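Asks: Listed below, chain by chain, are the residues.
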Amino acid sequence: MKRRSSFVIALALTLVLVTSGLVSAQGVFGGSVKVAVETEPANLDIQMTPSDQVSYIAQHIFEQLFAFNEAFDIVPMLAESYTVNPEGTVYEITLRKGVPFHNGKEMTSEDVLASLHRWSQVSARGATAFGFITEVEALDDYTVVLRLREPFAPLLSFLAFQNTAASIYPKEIAEKYPNTPIAEYIGTGPYKFVHWMPDYRIRLERFDDYAARDDEASGWGGKKVAYLDTVEFYTVLEAYTRQAGVQAGDYHVGMVINRESYPALVADPSVNTHMLSPGGFDWVIFNKKEGIMSNQKMRQAALAAMDMEPILYATYGLPEFFKHGPSYYPEGTVWYTEAGGEMYSQGNLERAKQLLKEAGYNNEPVRLISTAERPDYLNIALVTAAQWEEAGINVDLQLYDWATVLERRANPQVNDAFVTGHGFVPDPSLLTVLNSAYPGWWDSEAKNELLARFQSEPDQQKRMAIWEEIHALIYEEVPAIRMGDYYSLTISSASLQNFYGTTWPVLWNVWIQK
Amino acid sequence: MSRYLVRRIIALIPVMLVVATFAFLLVHLVPGDPASMILGDMATVEDVERLREEMHLNAPLIVQYITWLGRVVRGNWGNSLYSQQPVLAMLAERAQPTLILSVSSLFVAVLLGIPTGVLAAVRRGTKIDAAILSVAMFGAAIPGFWLGLVMIMYIGVSLGWLPTSGYQPLSTGFFNTMQYFVLPAIALGFPHSALIIRVVRSTMLDVLNTDFVRTARAKGLSKFMVIGKHALRNSLIPILTVIGMSFATMVAGTVVTETVFSIPGMGRLVVTSVMRRDYPVLQGSILIVAAIYVIVNLVIDLLYVWVDPRVKY
Amino acid sequence: MTTLADMLREFRKSAAKAWRRNPIIRIGTIIFVVVLLVAVLAPYISQHDPLKMNPLNRLKGPSRANWFGTDELGRDVFSRVVFGARTSLQVGLSVVFLTILMGAIIGLLAGFFKKLDGPIMRIMDGFLAMPSELVAISLMASLGPSVNNVILALSIAHVPRMARLLRSSVLVVREMNYVEAAEALGVPVPRVLLKHVLPNCLSPLIVQATSTFAFAVLSEASLSFLGVGLPPYVPSWGTILSGGRQFMMQAPWITMFPGMSIILTVLSLNLLGDGLRDLLDPKLRKIAS
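First to last, the protein sequences are chains A, B and C.
Start counting the first sequence at 573; every next residue gets the next number (our numbering).
Start counting the second sequence at 18; every next residue gets the next number (our numbering).
Start counting the third sequence at 541; every next residue gets the next number (our numbering).
Same shape as in the complex, but just chain A (with noise of 0.2 Å):
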């Protein structure tokens, strides 16, 4: 584990996990926790579709080589064990023996050989991993060894993500669905997939064959323990019935609950509150490979006229769920740097509109994408809209459902610019904006340069100087504006012992008090 101190974050992550304070007492089996969700994902391919419920319902079915402990540390999960040479460029993976699949066959170096090949095909940060990775090769039934090009720092950081995860599929399910969303789902997690009733709930149920770790239960690692029979995920769309159905003790987990209703929910006993700190990235990228806005002056006009205190109200509600200012990452986090903030919210018109004359902006409408399903995007695209259109930038808003923004925000020819965002992710490697292959696609040499240097560099000093680096670029070249700091709010009925409030929370270790 010599490598590993180079993404070690010492995370004021801990705030998360500490708040609750840890729970005592023995476990109780037995029950059935349902948990109201805000929209249904349209399948549970953990590797190939890049949403949260995807992720937050399918970590218990899947499982990857590594996982993230609760500081944001790597720990082996389906791993035993690795060893790196000092090169950093050949990783020496053993697996754990006798790890059942849900179908009861054992999982072998074949399945991990096929999964991280069918990765680095479906998913991005599959594909920016095997970027670097030359070869994977099975030395035994329980030995991968994976080759590199050149080091690659974030890779077991990319290998434990939960997002477009690594994770390990039987080798007949990889090779059966290449590029199409897998239609079965057969994991080695602590709970399997029982039933799917499209809109309305999927069922898990205990894996009684489960093969569980002995190290401690930290985070998304260690030791996991199904205390429920099921785990029932219910797509519950108005936000308002979600509360409602916690409240009430009708669910026992509501995600994504309305921030403003956070002072009644924390007088009321029966739940409990879970401010997500720290939440995610929530931004506006515009599309850099054709277009009006593939012209950098006009993106630094956008971000001219921006002012980001309207936003953060409009979108987050209560000061106590968002944070003013310009680093990517929070305050108290290895990665905070200040570095190109003097552009971050100037809230300038003159300057817009001169850099707008320096484009030579002729009045072009501006295709900015969105979503009506999505509160939060469609209030940061409302606010940002009204805030060019002040600058004179002509902004066609087009609102769609969220399936047509993914497809359209991946075409170049019909988007300008795009609301989306996405969860917390430990190293800024994992951040989407800067793959190149990510809609938006910033794909300039000053960045690719410091990203590489970034990727490859295994001190850690060396690599916050090149941190910095990018992030003063991302305010000069603008490929994306992100509004601030923000938290979700979820909530667990009070029944529900050892929960925490994540943006994937696990529903194993958890049980129910009768």
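Keep in mind that a hint or two might mislead.
What the hints assert, rightly or not - Okay, the calculated bits of chain B under chain C, using three or more residues with CB under 8 Å as the criterion: (1) 32 to 38; (2) 152 to 158; (3) 166 to 175.
Bear in mind the hints are in silico, worked out from the structure with no lab data behind them.
These numbers come from a predicted model, not from an experiment.
Beta carbons are placed, not taken as given, at the ideal position from N, Cα and C, and that holds for glycine.
Got chain A sorted already, so can you dock chains B and C onto it with the hints?
Replies: Coordinates of chains B and C only, in the frame set by chain A:
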């Protein structure tokens, strides 16, 4: 009677044909190419061409129509473009919650509507009549989803008597299922009771004015007997008609109620398939809802004969 | 024989009488006219731009500056409701207009020309077998959200009802002596239709128009609630109501005012319709007296 039935069933064929045509044309209303619309922006040219081939989009419209109709008649309703499940199976899965919701809402509407309608007619011109009519008018004007949300807020959470939302299938026990439907049934049934009240009141007024009712009263029959036995029975036909219409529109009204209360019925399916441009599912839902509608109407017509022997076919 | 002018004269006379005698019509008319005036005078009544956001002043309760409070983006709810009246009434009126236009054409053709009657009415029966809200929702899937598309979808959904109604009145009227006489005299068919048939079908049409209007106002709200109606930044009663529903606990004023506006408008239309039905339907008039 049976010949009448056969004739009525044959008459349904053109009606369903129109419905099917509407459902078919929906896809072709989309500006541009339905195949690329369905596949989205990520699709390659080959994908689009393959789907065009599959949907027979390259054939003349009339050929497409006949092919599609042939498949529908043979029970091949296609697969959802979103979840890849067969449409018929999806609809079958959604039928139970929607039917329970419609029937229980109808129950609420009738239970509220008929007695109060009768009362209003009997007490015509009094304050009771005015009060009932005002409440009915008010009920008909409330947006259903608003009523639903307000009820969740005050009855579901504050009082905690009933589940706020969700659904449990009948296999978990009748009473367990029904408790989930109390609030939705009121939200959907109350506005409909307004219509029933008005129809009941006006037909009762008609009947109360007829000679035989006056005669019955003159004979000294009690008021209760007259209303219950003679008047109500003789005004059943218009009331049945309005109940039938209510039931049919309720199947559509479930769309909003199911969204508010997170009930996984056909209404929700319609909305999500609209959102996802999932045309096979939308087409299937339209066909099923229309089929329910015409069958309910047929049953109502048959009931006429049963309740009113004067009606002969 | 009754012509359009006669009919209107007669109508004015009875309307005046109804106004004096029938309190239901009076209340309905007053409310509706007030709503209509609010919509027409929206720019003069509202103190703020309905689209102007001020997030720092969000979710504030009713005050002197914001009579109906502010919404989640700090927009003035009063101005939005007032401008929303414009959108909602625009939708309602346009739907009524289009429904009557299309319904009248179809109904007259079907009622007057026996050969057309069968095919036209079979098509209408087919449409009537689909609940109108379902027709509207499905059409919105193909048309996409906008004011015009909402109007179009709701009109198509409601035309069959209007057409069937007109056809049945035409069937009665065309058997009348004066129509037969006009035909026999060689008066051109369109002229017969417009001058002699249509005026005599007006009363059921007017009653049906009020309920279509009410339906359109309610349906616009439902469609917007379901996310397939108007885009959320367009102020209409439906979009305000549906946008404010997340804040029903903390800011009930956002939903209360548009909700009450819908109720009042629909109520006034239903009252008007009921009053007119009593007035125009001789059979009912007898019962009521």
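Asks: Now look at each hint and say whether the structure bears it out.
Replies: For each hint, the structure was consulted:
Counting residues of the stretch 32 to 38 of chain B whose beta carbon lies closer than 8 Å to any beta carbon of chain C gives 6, which meets the minimum of three for the stated coverage. Only residues whose beta carbon comes within less than 8 Å of a beta carbon in chain C count, and the stretch 152 to 158 of chain B has 4; three or more means the coverage holds. For the stretch 166 to 175 of chain B, the stated coverage by chain C is satisfied: 3 residues place a CB nearer than 8 Å to a CB of that chain, which reaches the threshold of 3.
Violated hints for the displayed structure: none, as all numbered hints are satisfied.
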